[in-house]
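Asker: Here is what each chain is made of, one letter per residue.
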Amino acid sequence: MIKDMCKVQILGPKGSLDETIKALHAMAVVHIETSRFGSDLDGTFFRKIPLEVGKVRERERLLKIKEELGNLRMLLIETPYSVVAETVDVDSIEGFLSTVKPVEERVKTLHSEKTAYMDELSSIERYGSVLRGFASMVSRLGGLNSFDIVGLTIDKAQTPVLKILEREIGEITSGKFEIYRKDLDEYTIAVVFAYPATFTASVRSLISGESINEIKLPDNYGDLPLMEVIKRMAGRRDALPGLIEDAEFEISVISANWQAKIEAFIDAIDDKVEEIGVLGYCSQTKYTFVIEGWAPSELLAPLIYEFKKLFGEKVVIRELEIKEEETDLIPVYVENPRLIKPFEIFLKALPTPRYGSVDPTPFVALFFPTFFGLIVGDVGYGLVILLLGLYLKKRFRRKEFFRDAAYVGTLCGASAIIFGVVFGELFGDLGEHLGIMHPLIFDRVKAVKPFMLLTLGIGVGHVILGFLIGMGNHLSRGRRKEAAGKFAYILLIISVLFTIGVAGKYLPEGLLTPGLVFMAFSMVLLILMEGLLAPLEFIKTIVNIVSYLRIMAVGMASVIMGVVANQIGGLVGSLILGIVVAGLLHTLNIALAILSPSIQSMRLHYVEFFSKFYEGGGREYKPFRKR
Amino acid sequence: MEKGLVALAAALAIGIPALATAWAQGKIGSSGAGTLAEKPELSGIVIIMIAIPETMVLFGFVVAILLLYT
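Protein chains in written order, with my numbering: chain A, 1 to 627; chain B, 1 to 70.
Treat the hints loosely; a few may be bogus.
Under the rule of at most 20 Å between Cα atoms (straight-line distance), these lysine-lysine pairs were calculated in the PhoX-like manner [said to hold, decoys possible]:
id, chain 1, residue 1, chain 2, residue 2
1, A, Lys-66, A, Lys-108
2, A, Lys-114, A, Lys-156
3, B, Lys-39, A, Lys-348
4, A, Lys-446, B, Lys-3
5, A, Lys-64, A, Lys-308
6, A, Lys-393, A, Lys-341
Partner residues aside, some chain B positions facing chain A, computed with beta carbon under 10 Å [said to hold, decoys possible]:
id, residue
7, Ser-31
8, Thr-35
9, Glu-38
10, Leu-42
11, Gly-44
12, Ile-45
13, Val-46
14, Ile-47
15, Ile-48
16, Leu-68
17, Tyr-69
Derived from the structure by calculation, the hints contain no laboratory data. The structure displayed is predicted, hence computed values, not measured ones. All C-beta atoms in this analysis are idealised placements derived from N, C-alpha and C, irrespective of residue type, glycine included.
Between the sequences and the hints, there should be enough to build the whole structure, so can you do that?
Answerer: This is the structure we're talking about:
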């Protein structure tokens, strides 16, 4: 729900300003607003507080340190065994920096060592296979000092070049050469020419002139005989993965020890910089400072009490009257009980609700899992979704959004189990086949009409509830005409249903005339309250109600998919293969059963329900708080 | 004969709006993907936009059901 807010003003002697800001930061209650500068309030002239040179320098120094720590943090890796950081004091940052400097050097060295090892390993992988391929030829020629060898890599698309090269080398050496070729990979071939050493200069100038890639060994192998290179490469190839692992392990140990501390210091710097920055929001007279902002009404008394304890009568907090023109500036503080708080994620896709309007979270918490359960309605699927939700909740316990989404998923899974029992479904019709489950109300596949009426009924109820909330919202803010407009919509929906009931012979025929009169009266009231275009809007409302049929449509599709999965599984001759096939199809259906019902339920809320009462355009309440 | 025509009518009642919905969702989806590339915070609104044309196929579904079961 949206909490009541009050406007507060904090006044005190200028000497207590820093202490006051620290106290406000620690209490995390006041949403600080820019004070009025230059205005004549109570006959006093308010000026902006100039930022002292010392404070500006302090801020720049801290931001520079933050950048350095940020760079170091990027060198570290995420580790689940991180040491929990104790509370850090930003004043001890210099000492921390001198401690952390050698650590930074070590991590940089480890990273460069790791990179060098990886480069060496990749060059060994690349050249090793080529060299091994030619080992037998090289060992035969290696003993003869009068021979020279040149290795080349050529793109497969340019194979004709090889022919030209062969011809040219043949001309230079008068045919005294040998050629060996081997596929290096999909696109490249490696070629080795062996020729008398007397032709070395001419051959090499030919190759460099043709701009062909000569196989160049890494520097540390450059001057060694090829057989020695092959031997040494084999040894390094075995040793390098271990060396890379050692470097990674040391980086992870350092990360575990230092990451949390570094982050704590970065947060402490941010807090300090924020404390300096907030001075720009304050104003001053000759001897006093003034801070203005907003606080939740329920937290005002504890705030005043805490300030009295800290400052006595020196610093005063007083509540200011909220003027009419300030209503739109009041920040919105949405706070819900722990059980339904995770459903606030649905509000994140919408603009912040306006102050004084209605927070739809409690309604979403009730209806979203209900709609989801009605659509999925399968004990087996629900159980899988519930277990998945529990696992993800544990897995992402530190990531708020995913943890909340997993919690919502868990409740949706539970709801699907409940409706699964009601509809007698366990992995489609498997429960029925096994004789352990039977529909308690109706079979969704066969009882099309009752299910259709049920979903339409839910639609009528949900849309009318939306209008009722909107009506209450307008009434509470003294907007009677708008409230009457919402009421007219409700009357018109009821009158239309009434008339349909008579036409469908569900109600006595004699009620047709009163029904039509009732409808005409509602329509006139609607036009009077909402204008001439309101009847068109009413058609949209009817469409909104019909839209709830998606609960039935998507639900039916889901159950039929489940039934088909079992049938296809049954068609396979072998029992095990049948279970595997049906299992795969059910897995696909569960994936769809997570995605589609979520989107449909969300849409029913966002489009059909919220459009009746939700008012966006509010400002989010952001208290001045430490990280 | 009549049964076959009713079945065909039901198939058309859901099939044609399904094509229309698919066409509309395709257009909205591609625009939505472009929007999300620039403003990921609009994901909620994009989901709503994509889901809006589904009403067409729902009406088709209702007509098909009415044809088959009444």
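Asker: Against this structure, judge whether each hint is valid.
Answerer: Structure-based check of all given hints:
no.	hint	verdict
1	A:Lys-66 / A:Lys-108	18 Å, holds
2	A:Lys-114 / A:Lys-156	33 Å, violated
3	B:Lys-39 / A:Lys-348	14 Å, holds
4	A:Lys-446 / B:Lys-3	19 Å, holds
5	A:Lys-64 / A:Lys-308	37 Å, violated
6	A:Lys-393 / A:Lys-341	14 Å, holds
7	Ser-31	17 Å, violated
8	Thr-35	13 Å, violated
9	Glu-38	16 Å, violated
10	Leu-42	8 Å, holds
11	Gly-44	2 Å, holds
12	Ile-45	7 Å, holds
13	Val-46	9 Å, holds
14	Ile-47	6 Å, holds
15	Ile-48	5 Å, holds
16	Leu-68	8 Å, holds
17	Tyr-69	6 Å, holds
Consistency note: the structure conflicts with the earlier hints numbered 2, 5, 7, 8, 9.
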